[in-house]
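Participant: What follows is the residue order along each chain.
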Amino acid sequence: MTKFLQRWVVFAGLVVVWQLSAWLADNPYFPPPSDIVTAAWDWWVVEPENFTDNVIPSITRMLTGWAIASVIGVSLGLLLGRSDRAMEYANPLLVFLRSIPPPALVPVFLLLFKTGTATQMATIIFGVVWPVLLNSVDGARSVDVTKVDTSAVFQIPRWQWVLGVVLPAASPKIFAGLRVSLSLSLVLMVISELVNTENGIGMQLMQAQREFDNERMWAGIVLLGVLGYVLNTAFLAVERRALAWQPRSRDEQHA
Amino acid sequence: MSNMLEVADLGHTYGDYEAIGGLTFDVRAGELVCVVGPSGCGKSTLLRTISGLIKPSRGNVKLNGSHLAVVFQDYQRSLFPWLTVQGNVEFPLRSLKRAERRKRAAEALEWVGLSGAARKRPWQLSGGMQQRVAIARALAFRPALLLMDEPFASVDAQTRFELEDLLLRVRREHDTTVLVVTHDIDESVYLGDRILVLSSSPARLVANLEVPLPAERDQVTTRTADGFVALRSKVARLLNVGKPSMDVEKWAAAERESLSETVAH
Numbered sequence: 003m004t005k006f007l008q009r010w011v012v013f014a015g016l017v018v019v020w021q022l023s024a025w026l027a028d029n030p031y032f033p034p035p036s037d038i039v040t041a042a043w044d045w046w047v048v049e050p051e052n053f054t055d056n057v058i059p060s061i062t063r064m065l066t067g068w069a070i071a072s073v074i075g076v077s078l079g080l081l082l083g084r085s086d087r088a089m090e091y092a093n094p095l096l097v098f099l100r101s102i103p104p105p106a107l108v109p110v111f112l113l114l115f116k117t118g119t120a121t122q123m124a125t126i127i128f129g130v131v132w133p134v135l136l137n138s139v140d141g142a143r144s145v146d147v148t149k150v151d152t153s154a155v156f157q158i159p160r161w162q163w164v165l166g167v168v169l170p171a172a173s174p175k176i177f178a179g180l181r182v183s184l185s186l187s188l189v190l191m192v193i194s195e196l197v198n199t200e201n202g203i204g205m206q207l208m209q210a211q212r213e214f215d216n217e218r219m220w221a222g223i224v225l226l227g228v229l230g231y232v233l234n235t236a237f238l239a240v241e242r243r244a245l246a247w248q249p250r251s252r253d254e255q256h257a
Numbered sequence: 044m045s046n047m048l049e050v051a052d053l054g055h056t057y058g059d060y061e062a063i064g065g066l067t068f069d070v071r072a073g074e075l076v077c078v079v080g081p082s083g084c085g086k087s088t089l090l091r092t093i094s095g096l097i098k099p100s101r102g103n104v105k106l107n108g109s110h111l112a113v114v115f116q117d118y119q120r121s122l123f124p125w126l127t128v129q130g131n132v133e134f135p136l137r138s139l140k141r142a143e144r145r146k147r148a149a150e151a152l153e154w155v156g157l158s159g160a161a162r163k164r165p166w167q168l169s170g171g172m173q174q175r176v177a178i179a180r181a182l183a184f185r186p187a188l189l190l191m192d193e194p195f196a197s198v199d200a201q202t203r204f205e206l207e208d209l210l211l212r213v214r215r216e217h218d219t220t221v222l223v224v225t226h227d228i229d230e231s232v233y234l235g236d237r238i239l240v241l242s243s244s245p246a247r248l249v250a251n252l253e254v255p256l257p258a259e260r261d262q263v264t265t266r267t268a269d270g271f272v273a274l275r276s277k278v279a280r281l282l283n284v285g286k287p288s289m290d291v292e293k294w295a296a297a298e299r300e301s302l303s304e305t306v307a308h
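Taken in sequence, the protein lines are chains A and B. Numbering of the first sequence is given in my numbering, commencing with residue 3 and proceeding in unit increments. Numbering of the second sequence is given in my numbering, commencing with residue 44 and proceeding in unit increments.
Because the hints were derived from the structure by calculation, they are not lab data. There's no promise every hint is true.
What the hints assert, rightly or not - Label pairs and their calculated CB-CB ranges:
#1 71/B to 182/A: 52 to 62 Å
#2 58/B to 164/A: 37 to 47 Å
#3 245/A to 67/B: 48 to 58 Å
#4 51/B to 246/A: 44 to 54 Å
#5 120/B to 161/A: 35 to 45 Å
#6 160/A to 102/B: 28 to 38 Å
#7 212/B to 161/A: 32 to 42 Å
Said to hold, decoys possible - Example chain B residues on the side facing chain A (calculated, C-beta under 10 Å, incomplete):
#8 119
#9 122
#10 135
#11 208
Quick caveat: nothing in here was measured; it's all calculated off a predicted structure. Glycine residues also receive a C-beta, built at the ideal position from the N, C-alpha and C atoms.
Based on the provided sequences and hints, a complete structural model is requested.
Facilitator: Here is the structure:
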């Protein structure tokens, strides 16, 4: 309980300060949180089709894009990480591609894919694949020599080497990459929805802005914050379970 | 008795550096042979060529069996932290059916006295217990040859004695052929049926000594027995302990002569 309080007391305090100062300032561009919550309620709960037609497709695109990027990133990363030669060939290309800001590619993807959804997915995938890929390469490289030797001596089959040794050995690094990618995918989701889209949180945001509906604009921003928080919390819970095998503290680990 | 391992004129060079300079020896079935040599003499290279981890520059390694197992010095790195103790022992047995795998793992864990720890993670165990897991894993693989690389060099003295006795018991009960690479002279005499003494690099065979001790050994009485003490001094002299400036080859030749005299008595 004290932990819960500790966690939220600063947050709650800031909301209160925000509420009070917004009242005092009385500036239409900075509505108080109470008005934002009311606007959000009217927008997404009273008219649920606003939620199902915009928020749900956004989240779906984001998570699908992230999942696809993760599969590509992990498999390619493990491959490159275990082959110095492949990495030598691929490295300049990777550095080059990684330095391109994904939003700059939105017009290119629009030309290529025409439809909004495909363009958005491509933007998300291209943007978030890098942290996963580079962390997987790093993780796959970090398999220590004794484990490589042990696996070789026992003549284990290839699938066991990849899934039973390289993947788990790399998994702490992979999870670090996946987490960065997850928050990055939220950013790219919004960016990809700012132009040429028929639905999505980003589109709703732009619309509210254009119509000077400041309460709704802020409601969209708050929703993105909540979404990021929930996804990160869920991800951490999964990570904790998946990496439960790691020696947690020095006390628990015998020398 | 048939040979389990036959090594013929085995040599290995890294670039210009010659690590092993032509080794020839056999390990008979059921025998425990210790390879002892000064640190940095190429023992690791020898182990890696025998286990097939590196291809030797010249010579031949012939194993009379389908596979061997290795117990490495660094148990912490050689065990997989994401697997339980049982998972680690089953690691080399993936090609077997699940039930058979379970059976073999349970059996091997019982041999090393770790049946109660099957569900634990290796890092929750003490160093000695972790090395026992590694030994169980190697035994569960049913190797033609059990190769051990400084297996007890990373545990404390007490645990070391326990593990040495465990190895002697297990190999006697299951008729395992074992090749132990070590830099510890006492250990090589205590464990071995035979000792191969290597020179410093490039590693050459200086002596091939039968250990004149009974098969049953005991940490206290064996280590104080005359045969033990005499052989230990002999190996120490062969290894040139404390006389770094002496020519090892010359010493070895002299020792070989003196040894053949002793045998003649």
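Participant: Given residue 208/B as an interface hint, is its Cβ closer than 10 Å to any Cβ of chain A?
Facilitator: violated (21 Å)
Participant: Was the hint right that residue 135/B lines chain A, CB cutoff 10 Å?
Facilitator: Since chain A brings a Cβ to about 4 Å from residue 135/B, closer than 10 Å, the hint holds.
Participant: Does residue 122/B pass the interface hint, meaning its C-beta sits closer than 10 Å to a C-beta of chain A?
Facilitator: At about 8 Å, which falls below the 10 Å cut-off, the nearest Cβ of chain A leaves the hint on residue 122/B intact, so it holds.
Participant: Does the beta carbon distance between residue 212/B and residue 161/A stay inside 32 to 42 Å, or does it fall outside?
Facilitator: holds (36 Å)
Participant: Indicate whether the distance between the beta carbons of residue 120/B and residue 161/A respects the range 35 to 45 Å.
Facilitator: violated (23 Å)
Participant: Falls inside 37 to 47 Å, the C-beta gap from residue 58/B to residue 164/A?
Facilitator: violated (32 Å)
Participant: Take the C-beta atom of residue 245/A and the C-beta atom of residue 67/B, compute their distance, and say whether it sits inside 48 to 58 Å.
Facilitator: At 49 Å between Cβs, range holds.
Participant: Close enough to count: is the Cβ of residue 119/B nearer than 10 Å to one in chain A?
Facilitator: Holds, about 9 Å.
Participant: Given a hinted range of 28 to 38 Å, is it respected by the beta-carbon distance of residue 160/A and residue 102/B?
Facilitator: holds (29 Å)
Participant: Lying within 52 to 62 Å: is that true of the beta-carbon distance residue 71/B to residue 182/A?
Facilitator: Once the Cβ atoms are compared, 58 Å apart, the range 52 to 62 Å for residue 182/A and residue 71/B holds.
Participant: Quick check: does the Cβ-Cβ distance between residue 51/B and residue 246/A fall within 44 to 54 Å?
Facilitator: Because 49 Å falls inside the window, the suggested range holds.
Violation of the numbered hints given earlier is confined to hints 2, 5, 11; the remaining hints are satisfied by the structure.
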